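S.K.: Build out the structure end to end from the sequences listed, making use of the hints.
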Amino acid sequence: MTFDDRVRKKVVLDFEKLKVRGILTPDVGRSFRAEEFRVVKRPLLLNAQQGIDAHTKRNNNMIMVTSAFPKEGKTFTAINLAMSLAAEMDKTVLLVDGDVAKPSVSRILGFKSKEGLIDHLLGNVEDYHQILIRTNVPKLMLLPSGRRHHHATELLASENMRLLLLELAKDPNRIIVFDSPPLLVTTEARELARNMGQIVMVVEADNTPRYAVKDALNYLDNMEIVGLVLNKARMRSGGGYGGYGGYGGYGGYGGYGGYGGYGGYGGYGGYGSETKKKKGFFQRLLGG
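Each residue of the sequence shown is one higher than the one before, starting from 1 at the first, in the numbering used here.
I should point out that these hints are in silico values taken from the structure, not numbers from a laboratory. Among the hints, erroneous ones may be present.
As the list claims (entries may be wrong) - No more than 27 Å apart at the CA atoms, straight line, and that leaves these computed lysine-lysine pairs for DSSO-like:
#, residue 1, residue 2
1, K112, K214
2, K71, K112
3, K19, K9
4, K91, K10
No experiment lies behind these values; they were computed from the predicted model shown.
M.R.: Printed below as a string of structure tokens:
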């Protein structure tokens with residue numbers, strides 16, 4: 001029995017409305033935004049193919065998208081990343097609304113669901129397949145956040161959560177994308193990060209303070225793979241990115257920026273303890 005066979009719920013996403021919101025859809029063809037997310041997803045896919053990280057013992061097919069503060073574009077990034085990943089020939093994607101305090105994925109995608117992640121962790125829904133939702137994007141499934149709960153942090157740190165993540169991640173051809181709460185606002189994001197193989201942090205050009213990026217990264221100091229997406233970046237005539245303290249090119253991490261719709265995504269950089277070049281990316285970003 002496949003992953004899909006036990007999932008009974010389905011929603012039909014309105015592609016035309018999603019396009020207006022700046023969301024990628026399967027029928028979009030080649031577009032500027034689609035190319036931007038191809039740049040973003042490629043290193044994530046390469047890391048995911050490595051399976052369980054030898055050092056952290058975490059599954060690299062589990063990707064958390066977060067930010068320092070709210071309204072920096074993390075949910076739009078998570079949804080567009082999931083849509084782009086779902087276009088891969090040999091991957092399926094599960095998009096999880098992990099922002100349990102202020103869930104936005106279902107609202108942006110235009111559907112409602114009473115039950116979700118928190119309900120399973122509480123034991124109210126024993127079989128997690130009952131809270132998964134298929135979509136009219138063939139390789140994309142959704143896991144809503146479910147009800148709000150005052151012990152959400154403890155639930156995300158529970159044994160039930162650990163077992164669920166192990167079950168979700170065991171298929172090497174499945175990529176799980178978590179839309180997480182902001183790192184500097186709630187403790188839920190830090191609990192999620194403990195189980196993630198890769199972290200994508202969204203930084204809003206001209207808005208996110210450098211100190212906030214540094215503080216957020218400090219919560220992830222035991223992570224081997226942390227990537228950064230500079231959201232709403234402006235392209236300079238020389239090919240570098242402006243709009244975030246005036247720093248220029250990223251040394252090859254990215255190559256796209258732009259305007260239109262929700263805003264351009266420029267510069268994907270990675271940080272890992274073993275890669276000096278990637279570390280240099282963050283040093284340039286943070287002025288260190």
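S.K.: With reference to the structure, classify each hint as holding or not holding.
M.R.: Okay, the hints, checked on the actual structure:
no.: 1; hint: K112 - K214; verdict: violated, 36 Å
no.: 2; hint: K71 - K112; verdict: holds, 21 Å
no.: 3; hint: K19 - K9; verdict: holds, 24 Å
no.: 4; hint: K91 - K10; verdict: holds, 19 Å
Hint 1 alone, counting from the list given before, is not met by this structure.
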